[in-house]
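Engineer: Quick note, the sequences are listed as chains A and B, same order.
Per this note's numbering, the first sequence runs over residues 17 to 349.
Per this note's numbering, the second sequence runs over residues 360 to 952.
Honestly, the hints are just simulated from the structure, not real lab data.
Just to be clear, a hint being listed does not mean it is correct.
[Claimed, not checked] Simulated crosslink set (DSSO-like; lysine-lysine; CA at most 30 Å straight-line):
hint, chain 1, residue 1, chain 2, residue 2
1, A, Lys297, A, Lys90
2, B, Lys721, B, Lys921
3, A, Lys34, B, Lys460
4, B, Lys942, B, Lys924
5, B, Lys443, A, Lys34
6, B, Lys589, B, Lys550
[Said to hold, decoys possible] A few chain B residues that face chain A, going by a derived Cβ cut-off under 10 Å, partial list only:
hint, residue
7, Met437
8, Gln487
9, Tyr621
10, Asp700
11, Val703
12, Gly731
13, Thr847
14, Thr857
15, Pro859
16, Thr862
17, Ala877
18, Gln884
All C-beta atoms in this analysis are idealised placements derived from N, C-alpha and C, irrespective of residue type, glycine included.
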Amino acid sequence: MRIANNTTIYNFLSSLNKSQNRMNDIQEQLSDGRIVHRPSDDPIRAFRGLRLNVNLTMNEQYTQNANDGLQWLKQTDTSLQNLSDIMQSAKELVIRAVNANPTVTYDTLSTELDGLINQAVRVANTQIGDRYIFAGQKDKLAAGILPFERRTINIDVAGVSTPTEVVVYNGDYNKISMPVQAGAADPTKDSINVHGEEVFGPVSVQTQFGGAATYATVDIFSQLIRIKDELKNHSPGHPNLTWLSTAAVADIDRGHDRILVANTEIGARMANYEMAINFMKRDNTAIAENMSANDDLDLAKATIDFKNNENVYRAALAVGARIMPPSLVDFLR
Amino acid sequence: MRSTFSGLNTLVRGIYAQQLSLDTTGHNISNASTEGYSRQRVNLATTLPEVVYGGSGALQVGTGVSIESVTRVRDTFMDQQMWKESSTLGYAQSAQTMWGKIEGIFRDDTETGVGMQTVLNNFWQSWQTLVTNASNDSARTAARQRAQELVDAVQHARKQLSDIVTDVNDTLTTRVAQINQMSSEIFALNKQISNIEVGGRDHANDLRDRRDLLVDRLAKLANVRCFEDKNHNYVIQISDVTIADGNSTTPLALASAPDADYGFEVKRVVVAGSNPTQYVRFANGEMHALQEANSTLVKGYLDELTTMSQYLLREFNGVHRAGYGSDNSTGTNFFGNAATDYTVPPAVPPVMTKSQWLDAFKVNPVLFNADGLAKVAAKTAEVKEVAQSNAAGGKATVTGAYTPPAGDTTYKNYQIRVTGVAAGVVGSIEYSINGGAWVAMAAPFTSAAGTAPFYGMTLAFANDPDTALGDTYSFSVPQANASGDNATNLANAIKMPTSPGSTLSGSSLDDYYESMIADLGIAAQNKERLADNQQTLVDQITNWRDSVAGVNIDEEMANMIKFQKGYNASARVITTIDEMLDKLINGTGIVGR
């Protein structure tokens, strides 16, 4: 084939350009360590990269949901344990009262029980941030309203207005879901709260005397208040010790049982969520590995490729420099 | 008998021929790097021999050299190949640029958080956060903000796509002007060449080179068919339009018409002065890529954006409309206008056009109002229980569910004031809504029972001696509610597969976007490969063509020496003949002088 001068130059330039293009590609990859920079670099990798990124985002978000739930569950667990301790103390207090020779006066015991009731109400009003944990879905109430309020109401007892001390429940009876997997919310699987009735219930409805006003009162508190009143009203003198030692203790035990059942439910859900978090962490590692395998540059290979290309480029330059200038012109006098 | 001086004539011809050859060598060297130049050659032939009668009969004596022609060395077959392949190269390179631009628009760098996928992920995450923090307004703000980001991303992509069309229109204007310029130049060259070459004698080498170069350039722009008629004119056709021949040129022009679906201006090429809807259909070359870009390519991606917007306006809105805001409002659009229900396709036209869908795609402005956040529907059920904020007294309570007046979902807080009381029995009350004017409660307020109906609820007052005139009670429908089950549904609407009958025909929004990116990648990669392969082919043809037509300096130098030697030798022979004549004239016939 006859070679024209322009052919040499044209080919030299185009091969130099190709070489530079290759170097540019490798350099782009080396600069951030990733293979794909636009879909056309490798459509399959680009697609898989996006998919994996979605998986990672979902995994991280569900882990975050589980952590949010777990924080709630842990707080609930602590509160329930505190309540359990309070019930334990209340029971001990009643047993001390029915003792043959009580070491303190019934009045003192009554005051002590009163303190325990207040303590229990305080725990029942526990918040995470500004959200009440035992108020069902009404976890935020208008200013001035608490989910559990201790107060005296006039109730209608056989046509007579009777001031009665109660604890009113302002929450509702719904579950809060914090799902840790895709799909519709399902309170049997992903609820993280126990509401007032589950912990302190049952809840009775009391009608205010002289009107249609009704209150949801929490029975366990009503019972504790009754015990407190029994102790207080019969000092000096003797309260109904038989009632105290049987029905009252049984009431406290029933209430305590309910708290423990709630605690068990919370504990089980906690274990559940902790396991879910562990699984998701493991998944996270797997997804991260997949992403890395999909999009991370083999640095050693790329560096060698780059070196190779550089050599080719240098060689092309060197040969070009020697081939192009000489012609017969240089050798004619 | 030959003339005494016939030898001189022979050599003068030789000197002329060598000189002309040397001049042509010079021309070749001078134009070694001229684009489109093909090397020229002086074609020499012997002159007619002279018949001389010698001793044994007639002899043919050579009379020297004559210059037949100066021709260019060129292979027209290669030219045809070149024109065909460079059209494809022009198309591939331009198409590669177009696809590159679209790739730029849909750039996803999930690591640095750039691109639509990241925006979709963020949008989903904001709903998931709302699921676990349904009673926090900050989570609602985040969802609204992320939605705005998504809208911005879609609208920005839309604008960039429309910008491509504008760019293409501008480029088309330039290119059509270039084509017209070139076709008129070819026409002018046709005239000159056919004049010069009349009778087929002269070869208009340099003019032909220029004409071929013009066709070379034209071929990159469009699918050019070129043939030479019997008068040496080039007839240039693009598709079925003859844009230049020996008689005239046909200028092209642009006709612009709005796109049927999106309304942007699309320019198309027509024959100037003819029917503006009779488009010139380019089958190849840069023009083909440009026409493809502004008539189908950009539209295809706008359609994808439309489908995504349509899904969010129809199905996603559907889920949102089914839910309840924290103010118990329902049927609120999350995207689009407040008034339109996009979930119900209108039974009768006018159906929304594609661009109307895109125009409608925005975050519902109602959500940005002062009470807008409360309308983000995070729960699936209405919660109407009312909380009382002056609970300490316990002299008034509310039972039943709050039912706002028909068509009004904004009332949330109200106050009751006792305006008449006698011995603890409340006689009359008045109320105020959202801190508005006090309105006397109309009958039936039965003071005996102490109750009054109030927007579906029953107000109850205790007969209490402490009840005083002016006692004021505040009630409110709870603002916050921890129920995020509709937020879960909304989150699922972004990431989970849709129903087979949905706008996205079963795939999830993510899947839809991802497969669009995969398709885009494959198509862009195809164009890149086509451009690369075609470049290699065109390189090959360029080399073949140069191999025939290109100037080789070494060759020219060797020829230079050849012609120089020939010239020198001719001159030497003239000297010799001169000496011979000198001898004959001055040295003979002087015997005995």
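Engineer: Against this structure, judge whether each hint is valid.
Structural biologist: Consistency of the hints with the structure:
no.	hint	in the structure
1	Lys297(A) <-> Lys90(A)	holds, 20 Å
2	Lys721(B) <-> Lys921(B)	violated, 81 Å
3	Lys34(A) <-> Lys460(B)	holds, 22 Å
4	Lys942(B) <-> Lys924(B)	holds, 26 Å
5	Lys443(B) <-> Lys34(A)	holds, 24 Å
6	Lys589(B) <-> Lys550(B)	holds, 13 Å
7	Met437	violated, 13 Å
8	Gln487	holds, 5 Å
9	Tyr621	violated, 24 Å
10	Asp700	violated, 23 Å
11	Val703	violated, 24 Å
12	Gly731	violated, 19 Å
13	Thr847	holds, 4 Å
14	Thr857	violated, 13 Å
15	Pro859	violated, 18 Å
16	Thr862	violated, 20 Å
17	Ala877	holds, 4 Å
18	Gln884	holds, 4 Å
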